[in-house]
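Student: Residues per chain, in single letters:
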Amino acid sequence: MQSQNETNIFGRISNIIMELSKIGDIESSYSTLSSLINSMVKTEEEYFFAEKESTLSEIFNHNYSRDIYDLIKWGYSQGDISMFPEGEGSMIILPISKGPKVLFVYAAYVKLQEFSNEFMMFLRIIAFLMGSLYENLLLYNEILDKNAIIEKNKNFLDTLINGSIDSIIVYDKSMNIYFKNSSYDSISDNSLLLEKLHDINIATIDSNKRQIVELEQDGKFYSIESLPIYFEQESFALCFIRDISGTKELEKLKQLDKMKMEFLSMMSHELRTPLSAVKAYSETIITAFEDMDRDTTLAFLTTILTEANHLEKLLNDLLDFSKLELKTLKLEPSVFDIVELINDIVNSSEQAATASKVTVSFEKSKEHIKVNLDKSRVRQAVNNILQNAIKFCDREKESSFAKISLDDTPSSVEIKVEDNGIGINEKYYSKVFEKFFKVDSSLTYQVQGTGIGLSMAKEFVEMHGGSICIEKSTEGIGTTFKINLPKGVL
Amino acid sequence: MADISIKEITRKIEELPTPDFIVQRIVSIASSPNASTKELNMAILESPSMAAKILKMANSAYYAMPRRITKLSQAINILGFRSVRNLALSVFTAKSFFSREFEYFNTKKVWSHFMATAISCELLSKFINFPDREEAFLCGMLHDLGKMAMSIVMPDVFEMIVTVAKHKKISFSKAEELLETYSHQQIGRMLFENWQMSEIMIASATFHDSPSLCKSEDSRTIVNLVSVANTTVNILLYGYSGCFDIPAVSDEAWNNLGLTPRKYLNYFENLKIKIKESEDFMNLSNVLDDLQEGELDGTV
Chain A
1 MQSQNETNIF
11 GRISNIIMEL
21 SKIGDIESSY
31 STLSSLINSM
41 VKTEEEYFFA
51 EKESTLSEIF
61 NHNYSRDIYD
71 LIKWGYSQGD
81 ISMFPEGEGS
91 MIILPISKGP
101 KVLFVYAAYV
111 KLQEFSNEFM
121 MFLRIIAFLM
131 GSLYENLLLY
141 NEILDKNAII
151 EKNKNFLDTL
161 INGSIDSIIV
171 YDKSMNIYFK
181 NSSYDSISDN
191 SLLLEKLHDI
201 NIATIDSNKR
211 QIVELEQDGK
221 FYSIESLPIY
231 FEQESFALCF
241 IRDISGTKEL
251 EKLKQLDKMK
261 MEFLSMMSHE
271 LRTPLSAVKA
281 YSETIITAFE
291 DMDRDTTLAF
301 LTTILTEANH
311 LEKLLNDLLD
321 FSKLELKTLK
331 LEPSVFDIVE
341 LINDIVNSSE
351 QAATASKVTV
361 SFEKSKEHIK
371 VNLDKSRVRQ
381 AVNNILQNAI
391 KFCDREKESS
401 FAKISLDDTP
411 SSVEIKVEDN
421 GIGINEKYYS
431 KVFEKFFKVD
441 SSLTYQVQGT
451 GIGLSMAKEF
461 VEMHGGSICI
471 EKSTEGIGTT
481 FKINLPKGVL
Chain B
1 MADISIKEIT
11 RKIEELPTPD
21 FIVQRIVSIA
31 SSPNASTKEL
41 NMAILESPSM
51 AAKILKMANS
61 AYYAMPRRIT
71 KLSQAINILG
81 FRSVRNLALS
91 VFTAKSFFSR
101 EFEYFNTKKV
111 WSHFMATAIS
121 CELLSKFINF
131 PDREEAFLCG
141 MLHDLGKMAM
151 SIVMPDVFEM
161 IVTVAKHKKI
171 SFSKAEELLE
181 TYSHQQIGRM
191 LFENWQMSEI
201 MIASATFHDS
211 PSLCKSEDSR
221 TIVNLVSVAN
231 TTVNILLYGY
241 SGCFDIPAVS
251 DEAWNNLGLT
261 PRKYLNYFEN
271 LKIKIKESED
281 FMNLSNVLDD
291 LQEGELDGTV
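Residue numbers (the numbering used here), protein chains in the order written: chain A, 1 to 490; chain B, 1 to 300.
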């Protein structure tokens, strides 16, 4: 008899454990508890009470009497299993607790008043096991809730980081990409930029110092900031890459505007000087006409003519320039001998060259080279380069020279203008051909000029399909310009 | 002190009151799985005065019943078989060991210590998630019964121990050691062995003041539990059990039960309230005084 009961006990315990182990969430723990109780005794009514905002309430919103509430409340504070006689039957009060804390109270009405010791022991075992399980489920839910919050925060941060127009990259010590935001995709195929990023970030990690670099790549400007960071005792380089081309473009426009203003004021000055001369000389002739001898009058008139010519030239330049700006300038090609043209240019520069003490020479490979180009524009281009060479001669040097050389190829001619003038810093190589550009706004050098000469030369050469560049230049040593012109259809 | 031989002590212990037939039957029913409410009800009603006292205790503030319990069967269903058994044993113990008074020893206070330790054990069970709360209650309640047995078996030694402990401000056990006498733990053990009580009850009586000596895996937790609960009650009800030192919880028991300062403090504060609320439950005269006959007739 005794052993029979024991098998019965063990059989039920394993059944209870099996059922409890199937519980995966709080909801199913209520239904499992109910079915376990009902497997032993038939319940008429069931209630589940838990403390919510410090008041006890029925979890499934079942109606209950004041009496039941009192019993539940007692069970809640006592934490012990009880069977309260209630009419014909009893109310089972089963507090589910872990430690001193009651997690919830199960109550069921059964039509029984006689209970076996064994039944009460089983309720006790169920309550005990359920207590531990339920508490774990609560903790599990808490972890899930926390995870959801963490996930949400992470998504928010991801959105922020990916929404940034800056590319954000984190490199580890071995220069592997540890993190990148989605803006990084826009630069990920720019291998030259990536190479530079690589170098900058290596420097950051090696020096443990913040680096800020601006660089130009394929016409785009990037601002790169790289700083050392520490994460879990490892050092990383956090790198922001911002495309600042837009900002640079604006800066350029502002610069251009400023240059135009400078150009305007300078142009007025340039025009004013010959005009003042013309005015002063003619006034003198008018007021002192009777007293002046013939030679003086002639000298005065010659000066007036020279200055008037100069004025005319300036105005022509200005006209050409505005035509170039408005793109209304048309080439008028004709066949001519370029050797002859350059000889002509060299001869006409003699006066200016002598004044600046510059020896101008011309080396030609052939006596005659026919070309079909706009003669006056080619003249202007070469003349501007030569005038430039003369203008920027180095007065510190004992002797200054400007050397023109002409080479002939089947389809083009190459004109080089070499001088031993003040030279140009390498960083200005491409800038000298920009409109109005003068190294440091004409303050450094006592040189007159409108700042459009080289830019016009470039325009004219390019209109002919040719190219112009600085072949080499060193500050203090001299400059060599190189013009390549196609000969045109002959 | 050695003038009392072990043989003599054994003989004297055998002469002490043993649980009568009714109490034995209650104990046996309470531990039988297929016993029913009816059976236990019938067994207790064999002694109407026992039944009345159990009912009175069940209605005490300690249980804070939401409604008055008028029938013993209700008390059995509500409190459970083993809680009712515990109450039956408390009634028997009070009647058999606490009916006499001493000049140097306040039995009322000792009784309070017994019941407070029972309450303390039950509460601590909840805090450390020990499932057998009723057994903890019983072990706590009777752990010091050896002291009462001592007062009957060797009253002069008992008087000396109490006097020494009181004047030297040391614990009862320490005084026993000083006087090189049999200890109340040894006497308690002999008593319970004689009564054929459970293993854990014997272990609790034997090792509650020296829990580290308990080598039985099965009893270790309950011994540690009784040890901590007893120490705590000695703090709250100072001197009630004949211990006059400033007690500290045993390290080993503390670690074994997985206590933390926070958990213990929480338990301590709860116990303080519980003991205050349970004055009538711990009151010896409530268990000893016979009830009016009429009061019982109406309920049974």
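Keep in mind the hints are simulated off the structure, nothing from the lab.
From a predicted model like this one, the values you see are computed outputs, not experimental measurements.
C-beta atoms are modelled at their ideal positions from N, C-alpha and C, and glycine is treated no differently.
Don't take each hint at face value.
To be verified - Distance condition first, Cα-Cα at most 25 angstroms in a straight line; then the derived BS3-like pairs of lysine-lysine:
1. Lys-56/B x Lys-73/A
2. Lys-101/A x Lys-215/B
3. Lys-174/B x Lys-73/A
Unchecked claim - Negatives, chain A to chain B, calculated, CB over 10 angstroms:
4. Ser-28
5. Phe-48
6. Lys-73
7. Asp-80
8. Ser-90
9. Met-121
10. Phe-128
11. Gly-131
12. Leu-137
13. Lys-173
14. Glu-225
Student: So, for every hint listed, does it hold in this structure?
Tutor: Tested hints:
no., hint, result
1, Lys-56/B x Lys-73/A, "22 angstroms, holds"
2, Lys-101/A x Lys-215/B, "32 angstroms, violated"
3, Lys-174/B x Lys-73/A, "45 angstroms, violated"
4, Ser-28, "23 angstroms, holds"
5, Phe-48, "19 angstroms, holds"
6, Lys-73, "7 angstroms, violated"
7, Asp-80, "7 angstroms, violated"
8, Ser-90, "6 angstroms, violated"
9, Met-121, "7 angstroms, violated"
10, Phe-128, "5 angstroms, violated"
11, Gly-131, "8 angstroms, violated"
12, Leu-137, "16 angstroms, holds"
13, Lys-173, "43 angstroms, holds"
14, Glu-225, "49 angstroms, holds"
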